[in-house]
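Engineer: One-letter residues, chain by chain:
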Amino acid sequence: MGLGTFIHDIVAPSMEAIAPLMPGETFPIFFEMEMMQRALLASIMVTVVAGFLGVFLLIQNLALIGDGLAHVSFGGVAVGIVLGASSPLWYALLFSTISAILIYELQSRELLTGDASIAIFLTGMLALGLVILRVGGGGITADIHSYLFGNLLLIDRDSLDMIAIITLTCLCILAVIRKPLLACAIDPLAARIQGLPVRGIGLLFSIITAAVVVSMVQVVGTLLVTALLVTPAATAQFVGKSFRSCVIWTQVFGLASVFGGLLISSEIGSGSGSTIALFAAIIFAVVAISKSLSGILSPTNDN
Amino acid sequence: MDGVEITLGTPALEVEKLTVLRSGKVILKDINFKIKKGEFVALVGPNGSGKSTLMLSVLGVLKAQEGKIKIYGNRPMSRKLNGKIGWVSQAAANLPKEIKITVRELVSLGVVNATNLFSLSFKDRNNDIVNAIKMVGLEEEQHTDISRLSGGQRQRAVIARALASNAEFIMLDEPLVGIDRDARNSLLKLLDILCHKENKTILMVSHDLTAMRQTAHRIIYLEEGIRYDGKTENFPDFSTLAGLRGIEHVHDHDLLKTFEKGEGD
Chain A
1 MGLGTFIHDI VAPSMEAIAP LMPGETFPIF FEMEMMQRAL LASIMVTVVA
51 GFLGVFLLIQ NLALIGDGLA HVSFGGVAVG IVLGASSPLW YALLFSTISA
101 ILIYELQSRE LLTGDASIAI FLTGMLALGL VILRVGGGGI TADIHSYLFG
151 NLLLIDRDSL DMIAIITLTC LCILAVIRKP LLACAIDPLA ARIQGLPVRG
201 IGLLFSIITA AVVVSMVQVV GTLLVTALLV TPAATAQFVG KSFRSCVIWT
251 QVFGLASVFG GLLISSEIGS GSGSTIALFA AIIFAVVAIS KSLSGILSPT
301 NDN
Chain B
1001 MDGVEITLGT PALEVEKLTV LRSGKVILKD INFKIKKGEF VALVGPNGSG
1051 KSTLMLSVLG VLKAQEGKIK IYGNRPMSRK LNGKIGWVSQ AAANLPKEIK
1101 ITVRELVSLG VVNATNLFSL SFKDRNNDIV NAIKMVGLEE EQHTDISRLS
1151 GGQRQRAVIA RALASNAEFI MLDEPLVGID RDARNSLLKL LDILCHKENK
1201 TILMVSHDLT AMRQTAHRII YLEEGIRYDG KTENFPDFST LAGLRGIEHV
1251 HDHDLLKTFE KGEGD
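Protein chains in written order, with my numbering: chain A, 1 to 303; chain B, 1001 to 1265.
Derived from the structure by calculation, the hints contain no laboratory data.
Where a beta carbon is used, it is the ideal one built from N, C-alpha and C, also for glycine.
A hint or two may mislead.
Just so you have them, the derived chain B footprint on chain A, three or more residues with Cβ under 8 Å [what the hints assert, rightly or not]:
1) 239 to 252
2) 265 to 277
Residues from chain B that face chain A, not an exhaustive set, calculated with beta carbons under 7 Å [stated by the list, open to error]:
3) Trp-1087
4) Asn-1113
5) Tyr-1228
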């Protein structure tokens, strides 16, 4: 039994217990049916780790790295499918990790600026995936479609185990290295002089990002990974007044997006991944607009 | 006061026959000087004179073509120097506005080093953080997000971060840029206290010669090599300095302008 199944077994009774309290006609099935429980658990796990990661990505101005690595992951998935792999996400993990390391190297050696190296890997690996699918597979099948836009129904026991291992490991590592990571993100030179292994931490962070992105692919899809990675963290910048409070607000907005998105998508039958992403964007817009309105109404409060 | 001779033993910094190239161009050539423990040295010079290059070489970020640099007897970036050097960069004072981080959170980053990197808690270093904030006088602002501080306060927060690491040797890159006169004076006073009361060694890059003449023990004037290195009170007046630079019959105010111009190398 894997980690995901283990966690599922522990929380399933409590999920069933709170199911009647949940709003909506269809939404409570996320707390009742085993398959849907897995989907909900997976969504929560990736949202928590993505939000935590996102705060650090924003500080380093790396908001689009998630998008880049997600496209790379799609290339990996395509290669995996054509090669007949039972879980193509392992290929995605391999592709995404290698690309993340190479992007980091290109950036830190200043061979290419941040965005350019992301753009090259994004398009290059996506193109590889598409070519291989055409030549070796059946093109964009329904299966492929679900990797592009996410499909919670695809999350079986094995997927949940993989998601649980990736997210919990990354969360633990991030929690342990949060201070050195923040020091490196804010001022790499000062961090290096302080004796911190800036390069090692940067590589570790790249690998974590790659792994988290892969874990998110089934939940929101490669095209929408950034929605959970960056949007909640960006919304939190409007309300947080310290790093710590931003981390907490990010979780609030991230989890609100997941619950809101799943609730609406299950009621009106919209896709779960896209509805979560849309909900995250709407929360951002509401917070941003009300923040600037309150700024106009009380000019003394310049925050 | 003559605080130069107070400590013997290993100098804080030794630079010997240093030559540094950047993109194939000689920026520093045959530079020699030593800084003793407890000294407050100002490194001054016009734009492009190599001040920043010298600082980055001392820190070990730039590699020297020739010559050697020793900090407390060790090569730059040596593990033995971990936590001994506090670096106050310009970048740190110009943090992007989007980053929400309080003074206390920023200062607490100073206590992370190679040995406690993976610690779960830094509570044992709490005193260092509290003291550093107190030393720079930001107790009231400690829970304020740094984007809401003035330039001078932000600079103090970055200095506090260096102090929290218990660094003995504090290097500052143009800390006086972009802050008003009052903030400048109180910052200089703070550095003076750090030097005399806390026995810190200070090396500060600045183009503000007037300010440096008021505070530093010693001035190193850099322009295509070291043109002057000695006690502040013996620092030549501007016309003599012009002679040192190989420029004759220059008016004082022309040279003053060189120093007063903003700089960003």
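Engineer: State for each hint whether it applies.
Structural biologist: Structure-based check of all given hints:
As drawn, the stretch 239 to 252 of chain A meets chain B at 7 residues by the rule of a beta-carbon pair under 8 Å; at three or more, the given contact holds. Only when three residues or more bring their CB closer than 8 Å to a CB of chain B does the claim for the stretch 265 to 277 of chain A stand; here the count is 0, and the claim is violated. Among the interface hints, the one on Trp-1087/B holds; its C-beta lies about 4 Å from the nearest C-beta in chain A, closer than the 7 Å criterion. Restraint check, Asn-1113/B versus chain A: the minimum CB separation of about 5 Å is within 7 Å; hint holds.
Because the smallest distance between the Cβ of Tyr-1228/B and any Cβ of chain A comes to about 28 Å, over 7 Å, the interface hint for this residue is violated.
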